[in-house]
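Both chains are sitting in their own frames, so use the hints and assemble them into the complex.
Now for the letters of each chain:
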Amino acid sequence: MSAVQIETAQRSLDRGRLFALVRKETLQVVRDPAAILIAFVLPIVLLFLFAFAVSLDVRDVKLGVVLESDAVQAQSLAAAFSATRYFVVTPARDRREIEPQLISGDVHGMVVIPQDFDLRLASAERGPLVQIITDGTQPNTASFVGGYAEGVVTGWLAGQRGGTRALLRLEPRYWFNAELASRRALIPGAIAIVMAMIGTLLTALVVAREWERGTMEALMSTPVSILEIFLGKLLPYFGLGLIATLGCGLAAIVLFDVPLRGSWLALLLLTCTFLVPALGQGLLISALARNQFVAAQVALITAFLPALLLSGFLFEVDSMPFLIRALTQIVAARYFVASLQTVFLAGDVWGLFVPNMLAMLAIGAVFFTIAARKTHKSLDT
Amino acid sequence: MITRLAAQIVKELLSLLRDPKSRLTLIVPPLMQLFVFSFAATLEVTNVSVAVLNDDAGRWSREMIQRLEGAEFVGRLVYVETPAELGTLIDRREALAAVHFPADFSRDVGRGQPASAQVLLDGRRANSSQITFGYLNAIAAGLGAELVQATGFGLPEVAVRHWFNPNLIYRWFLVPSLSGMLAMLMALVVTALSIARERELGTFDQLLVSPAQPLEIIIGKTVPALLIGTVLGSVMISAGVLAFRIPFTGSVLWLLMSLMLFILSIVGIGLMVSSVCRTQQHAILGTFSLAIPIVLISGFTTPIENMPDWLQLIARASPLKYYLIIVRGTFLKALPAAEIFANAWPMALIAVVTLTSAIVIVKRKLQ
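Protein sequence lines, in the order shown, are assigned to chains A and B. Residue numbers are given in the numbering used here: position 120 of the first sequence equals residue 482, and the series is strictly consecutive. Residue numbers are given in the numbering used here: position 192 of the second sequence equals residue 197, and the series is strictly consecutive.
Worth flagging that the hints you see were computed from the coordinates, not collected in a lab. Take these hints with a grain of salt, some might be off.
[Claimed, not checked] Stretches of chain A that chain B covers, calculated by requiring three or more beta carbons in the stretch to come under 8 Å of a beta carbon on chain B: (1) 459-469; (2) 601-613; (3) 664-678.
Positions of the beta carbon are idealized from the N, C-alpha and C atoms, including for glycine.
So here's chain B without its partners, still in its complex pose (with noise of 0.2 Å):
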């Protein structure tokens, strides 16, 4: 049985191996979005293209644009002359925030009323005109308690201070949860076409007169998955430390346990959709509708938090959520075992669930 077990393995992965386009897809696609994604991918607001719009002649408005001009997160500072302009720039997006300091801003300023400027922001892209605001208002508050202070005030200080990341930089965050999403969805597509592809080709009906056990036959699909995706999991996890020089301060032993359990709880989700479906095209539309949803659901691209509360409860069986918590844990914060421990069990479990319905849905083929 052990060498009948070897022969199908061996055989899976030259299936999956012998062919050179399948072998490129398989390996450069994930890190060349690897490196892509990272740097792409970033909630700082930068580079954006603000309009001014003056109708104060005064010493005020032109200080807080000379500060707007030498600001970080200004890429372009465009002058207009009337409202309607200003309105046309954000409709058309050419800007993201556009400023209005009225005709009596420098004279209230002077007079130590207090001035107000309008702020126009483009609501279409609600999260980076809010971050655009606030970067505006430090400006603005920068300038108003300089002008306090020589009034006599100071302003009380808290310290903020971030912990595992102090400069909060996104691409700590995005980089070992890259490596766990990509790896996810070659492990989920090499194995949800596997048993499909023999349907389709008919192959699948040898296999099934063959001697070989369901159990076999699952084990034999498994194995060359289970290393493909680890592989390349632990292949973009070295990248994060090597090339993006992210902090690893956990433990490799564990996290590269936690890869193959999570693997495996996606190789077990693969077959049992594979094992379901008769073509190819059906296990591909199956992955993708399995596929999306795990992403979106795991805290990858916004925190669970923000979810519903019905949908953290299904977010649950999304044995990326536990792999995410698991990966950036140990890059940062050296998470402990038991908290290692606490996260990896549930993906035990799913990998139990999807690889024990997928041998029972083969066996029951086989009948």
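Next up, chain A with everything else stripped away, as it sits in the complex (with noise of 0.2 Å):
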């Protein structure tokens, strides 16, 4: 071991230094515009894109009704198709006409009403009432068409019959969304995947390019510790971040009425304990690649992507292979999300937030220790 070495393992933590660094660090954030641009105006550009872009209410879709049948029964049917609000219908008399549409992607599905409908409506035996083709390349699509038209159709046949009501009936009751405004649930967990591309992504340049420029040597060759270096780098991020996020939160509340049931001194631990491993992945892959363009990469196919399809947000967990769902152990993102869906939703589960708010810490934990690991390695050799 250095004499150096020997000092710094010594004195690790040293308050004036510590102080020192991080002010350097801030005044170095606050002169970069680009910094300032991606930590407070970025996220609220990428929230309203989220928040527009991202939608699962399925509403207006094409929809062809062929009407093979003139009579009255047939085309009172077909009226009921142009009645709902969730179809916009293209009328047709030969399905043909539609089929091109449904190759192009014009319409979703067609509906076809067949010659002798009035004969199958008199009896059972002639086969299904109508046919109901979809657009099978969407599944999500092409399962909505399938299920509405078909509803349609009973409904239609059950104010023909003078309504039979079914026996057993299960009502649901949504809770913490009754209106089940997907907006409102998928902004909670937007501000999770947003936090998570721009923690991790701000961090692992910022560290890559003093190590691409050769700059982490010389703070190194200092009596600085990696201690030292790694908070002084982090606070600063650390303390736009949470600026970040509280901002997405404030204008998810104002802007896109999502209502906080919990307390803002939840939402503030969750977002600081977030952040940890958040950085922490930042500070592992910049250490790891001390390239700022491998390092844009990793960052970008290992925070965003998994963070936008692993964690929940629109797939849920428990319907994934089982590979997968422990794969999703180590995602960040997945125990951020679920918090901040009840937060936001819900109220304060502490019972949620504690477990949660663990596992986040304990993912931060490992990332911190293998960067300090390789970062100590690299000043030995």
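Here you go:
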């Protein structure tokens, strides 16, 4: 061990040195317009995009209704399709008119009311009443079209036959989100994804730049310890991330009418906890990559896409295959998505927050430990 | 000029592929992601935890519960004693849905009166809980229909057929889309950094004082990225056919040409960003601020039709939107050439506009 290392090992955290470093990094951040842009403007812009671009509320689905029969009842059923607010109907007399539109994607399905509709209606033996054909290339829309078109037919039939009520009924009550506004449910998750990306990307780039330019080695040759370098780098970004998340939270409440049923304290605590693995991941990426190009790509691949696809934001984690479910355990965004959805829509459920926070801290600790190890090694060689 | 151009292209390719780390990040992660994400992303809901509170001692609630136990989408049934426990399970996300049978449930069924059970659902997961309720409803309707049939009413049949993807396998939808998105992200990062890196390192000035023309510089940067993006996209499309066994019904040639056009338009966007930015950091941030909107408004995550009209208008500027239509259609629908062309020309337009702007910007830097 060299003399410098012994000294840094003994005095790994000096308040004065740390303060000076934090001040230097903060100045660097404040003076860089890009950092301000990415920390304050980008999150809000992205939140807007998520709020409007990602919507699972199917509406105005284009549907072809092929009326092969002239019977009054057939026309009445066709009218029932035109009357629903979920479908925008393209009427036709021949299914060959609609088929090309189904291929080009101009309609998502077609309902064929057959020539002998009135006969089929009179006797159940003649086979299915109508045929519903959907465009299976978009499975989600296809199953919606199938389900709703079927519902229209059954509803119309019930009206024709004087209404038979179902004997067994389930009455749904959607907690936390009674109107089932998908935007409301998605925005808290969107905040988590935006912050996962920005937190990780920002730190990955900042530290990778130091390595690339060789200023990291310069810093290391000073009496400053690795812990101090890390803290000095991360604290300003921690503050930036915190302000950005709270800004997003405020935007969600004010602009998108998302309720905050939990407390600001819980939101603050959750955000602080989440920033640990997010920044840790960025640090680890930069320690391994040491070059901005690779760091940016790895951050994109390991932070943004997993947060989007593996966090339960869009796709239910429980429904994934076992191996992938295991993989989601190390995606910090997963815990943050669940916690944010809860703090906004449900309230302070500490029974859910505490395990999630512990998981995020554990992931963060692993990232920091590996990052510190990797940085040590490189000094020795 | 040809030799000069060839030399530049070789140089750019070398600078991308020489470093083993960046070589690795270009090829391995996108393929890994294709596999992980295509298994992860499904809008089907399975393996759900459902809580049951049964205040009814009769036969019909037991019958319902038995069917729930046998249902494919249910991963775990949790029996509780009080409504408070039900609430806690939902609060903590330990159950997505909870069924509460009231005390008079079986009595009502027995008397031929409509009986209802309450279902509590976790509205935080709006989509999954709606789908789960649909499944639960189908079970109740099935049991109800059997009851009704016993009294002489049959249910009318509606035949639903899903064309192109009869079993609605979500992977058939997702893998082609992922291949496009991942190839796009790679091509974008490669090009966005190219000019900015040279500028940061100071080598761009050397390039400017060399006899190379702005047009040549741009072509030199375009070709390698185009090559990498196209190869990556083709490999992933092949994986879709060979590994995922997705039916491929359209024309390989048209798809390949569309892929190249798509990557070209992406390279144009990347180069435009790169030529404006002074440092790599700015270029990366610029790329991110563009890439995420391009993905979000392209219909990759949720259909464009669900978006508000003004956003649908903006979505027309996203090249990914057109490529997704082509690649999904070519896989499953044997998309005719006319449709491919209708979606290809907007990408060509984007490519021309962005590449020209990049050349103009570089030219201005030259003076």
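Verification of the supplied hints:
no. : hint    : verdict
1   : 459-469 : holds (count 4)
2   : 601-613 : violated (count 0)
3   : 664-678 : holds (count 9)
In this structure, only the earlier hint numbered 2 is contradicted, and the remaining ones agree with it.
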